[in-house]
Amino acid sequence: MALLLRGARVAVLAAFGVFFVGPLLWLVLAPTKSDHELVSRGPFTFGSIHHVALAWKHLYAFSDHIYLTWIGNSLLYAVTATAIVLVTAIPAGYCLALGSFPGRRLVLTLTLVVMMMPAAALVLPIFLELNALHLIGSVLSVILPFAFFPFGVNLAYIYYSTALPRELLDAARVDGCGEWGTFRRVALPLAKPVVALVLFFSFVSDWNNFFLPYTVLGDSKQYPIQVGLSTLLSSTPSFNPAVGGGGQQVGIFRPELALATLVAVVPVAIVFMLSQRSLVRGLVGGGVKE
Amino acid sequence: MRVARSRGLHGWRGFAFVVPYLIVLVAFGILPVLYAVKLAFTTDGGGWAGFRNFTHSAGDYRFMSALGHVLVFTSVWLSLLIVFVVTLALLLHGRASRSSAAYRFLYYIPGALAGAASVLVWLFMLDPSVSPGSFFVHHVLGAHLFVESIAPGKLPLIFAMIAFWTGAGGWVVVMYGALNTIPQELEDAARIDGAGPLTLALRIKLPLIRKWIAYMVILSFATGTQLFVEPQLVNQASLGMVPDTWSSNQLAYQLAFRYADFNSAAAISVDLLAIGLLGAVVIISRTGLFKVES
Numbered sequence: 001m002a003l004l005l006r007g008a009r010v011a012v013l014a015a016f017g018v019f020f021v022g023p024l025l026w027l028v029l030a031p032t033k034s035d036h037e038l039v040s041r042g043p044f045t046f047g048s049i050h051h052v053a054l055a056w057k058h059l060y061a062f063s064d065h066i067y068l069t070w071i072g073n074s075l076l077y078a079v080t081a082t083a084i085v086l087v088t089a090i091p092a093g094y095c096l097a098l099g100s101f102p103g104r105r106l107v108l109t110l111t112l113v114v115m116m117m118p119a120a121a122l123v124l125p126i127f128l129e130l131n132a133l134h135l136i137g138s139v140l141s142v143i144l145p146f147a148f149f150p151f152g153v154n155l156a157y158i159y160y161s162t163a164l165p166r167e168l169l170d171a172a173r174v175d176g177c178g179e180w181g182t183f184r185r186v187a188l189p190l191a192k193p194v195v196a197l198v199l200f201f202s203f204v205s206d207w208n209n210f211f212l213p214y215t216v217l218g219d220s221k222q223y224p225i226q227v228g229l230s231t232l233l234s235s236t237p238s239f240n241p242a243v244g245g246g247g248q249q250v251g252i253f254r255p256e257l258a259l260a261t262l263v264a265v266v267p268v269a270i271v272f273m274l275s276q277r278s279l280v281r282g283l284v285g286g287g288v289k290e
Numbered sequence: 001m002r003v004a005r006s007r008g009l010h011g012w013r014g015f016a017f018v019v020p021y022l023i024v025l026v027a028f029g030i031l032p033v034l035y036a037v038k039l040a041f042t043t044d045g046g047g048w049a050g051f052r053n054f055t056h057s058a059g060d061y062r063f064m065s066a067l068g069h070v071l072v073f074t075s076v077w078l079s080l081l082i083v084f085v086v087t088l089a090l091l092l093h094g095r096a097s098r099s100s101a102a103y104r105f106l107y108y109i110p111g112a113l114a115g116a117a118s119v120l121v122w123l124f125m126l127d128p129s130v131s132p133g134s135f136f137v138h139h140v141l142g143a144h145l146f147v148e149s150i151a152p153g154k155l156p157l158i159f160a161m162i163a164f165w166t167g168a169g170g171w172v173v174v175m176y177g178a179l180n181t182i183p184q185e186l187e188d189a190a191r192i193d194g195a196g197p198l199t200l201a202l203r204i205k206l207p208l209i210r211k212w213i214a215y216m217v218i219l220s221f222a223t224g225t226q227l228f229v230e231p232q233l234v235n236q237a238s239l240g241m242v243p244d245t246w247s248s249n250q251l252a253y254q255l256a257f258r259y260a261d262f263n264s265a266a267a268i269s270v271d272l273l274a275i276g277l278l279g280a281v282v283i284i285s286r287t288g289l290f291k292v293e294s
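Line order of the protein sequences matches chains H and Z. In terms of the working numbering, the first sequence has 61 at position 61, counting the first letter as 1, and numbering is strictly consecutive. In terms of the working numbering, the second sequence has 133 at position 133, counting the first letter as 1, and numbering is strictly consecutive.
If you're looking for bench data, these hints aren't it; they were derived computationally from the structure. There could be a bad hint or two in this list.
According to the in silico footprint, chain H covers these stretches of chain Z (three or more CB under 8 Å from chain H) [to be verified]:
no. : segment
1   : 32-39
2   : 181-195
3   : 273-284
Covered stretches of chain Z (chain H as the covering partner; in silico rule of three or more C-beta atoms under 8 Å from a C-beta of chain H) [stated by the list, open to error]:
no. : segment
4   : 20-28
5   : 51-57
6   : 68-79
7   : 82-90
8   : 217-224
9   : 249-257
Ideal placement from N, C-alpha and C gives every residue a C-beta, glycine not left out.
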């Protein structure tokens, strides 16, 4: 009986393992096959490297190598916005944790509330606001909203209020550091782990965001990769038969679409896996702190 | 003590550290909400409209069906999350071992895919001609062609599965972490009293992670109501068989973009914001997991 239960447990866990990883394994192998081979050969077989090169050639040629432009745009938006997030969030978390200025509780509460709200809920309101300011279609209409990242402030706040000994800061002040000097020479270097966390989360959430850039950008040359993928989807005949002959011309078929998806997620996936532990600490930090 | 008080970040002195953040908080957190509320309660010309934009947008022939879609999707997704995330976390916690960590890691990987990428992966999975799960596509979804897989009646289930696939692993890890905070002595005592692994899981562990389950449910409910990317991409892949106003957020988007009816779009946005805000307030005030004061 006990053996049977143990067997059932392993079976359930393994089945879910297949469910979670199977689609990704398929995605990694798909570009090694031609569109025809994708249908005729087993889903988890390896084709040849030659097909990957061919798929990349087609993808690169698509619309004047716009694929690389999209990747470049995603990098530009995510890196710039994340830089602003670091400059705004770390000092704010520091001051919210260790300072006491009028309105501190209000700022903390607002930060927590916005952090707990689904990001998508703010997209159309932000669009309406930017539209009134005539900023629609500008690169800034993506970067500036991305620069608001309450989760990062909360991470810094939790870190500074739990992990940093106040005596250390007092010592620095006694030694004649001003407030800014104390932050820059003592508090900031000690916060390296949290700076890395904020950097990572902000970058990933910007890289993966679809709704905001889709809403505020008009020109396909400005698209980040997530929105670009939707354009590629519309150009793939097996998903959009309307392209039909057009598909032949642009050379985008299922292997190309799979390769495009893979290239778009691999950088994030690698960093993501490396930081699993910190992610969880960040997610539960507010709850389990003593 | 007085000397120490006069030093440090007290009073207005520390304020400079928060100012840059306050600017983005106000510009992209608070002002958009206020502006959307203002638009929702005014007319095209800027006059007071009362609740007319709300009744007008709610009276749109697509409003109720979009709301229905979103609610069905959210219910299916929440059921999947509650049943399977809790089951998997309890199974993994039952016998802590190296394989338990490996499973948690595997379940978590799809979390890296969000936005359009996860939807594209699942469009492949739903294409019976290339899918490794074509057996399930044939027999569970009853589809032999890609267009049959994304028939309108199946969409809530499909979107729920995509959302589950990307997010469940993260929640398993969170629940597992919550289970780890249960004191060992409690488990030992129950074991001495003759509790088997099943009793232990259901009678001792489950009640102790209730708060976290509530947190997951509320947060996911609020997120689920905002659905946009999935139906938008399926609309593109289905030749318009799936309407571009399938979800409430899509309807708001179309009202703004196709009809330039910003006031009605703002009204729907405010409906959705209210749901998100309610969820956030309930989590913060009721679960006790997030405290403002340390």
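Each hint, compared with the structure:
1. 32-39: holds (count 5)
2. 181-195: violated (count 1)
3. 273-284: holds (count 9)
4. 20-28: holds (count 8)
5. 51-57: violated (count 0)
6. 68-79: This one is violated; 0 residues, fewer than the three required, reach chain H with a Cβ under 8 Å.
7. 82-90: holds (count 3)
8. 217-224: holds (count 3)
9. 249-257: It holds: at least three residues are needed, and the segment 249-257 of chain Z offers 4 whose Cβ sits within less than 8 Å of chain H.
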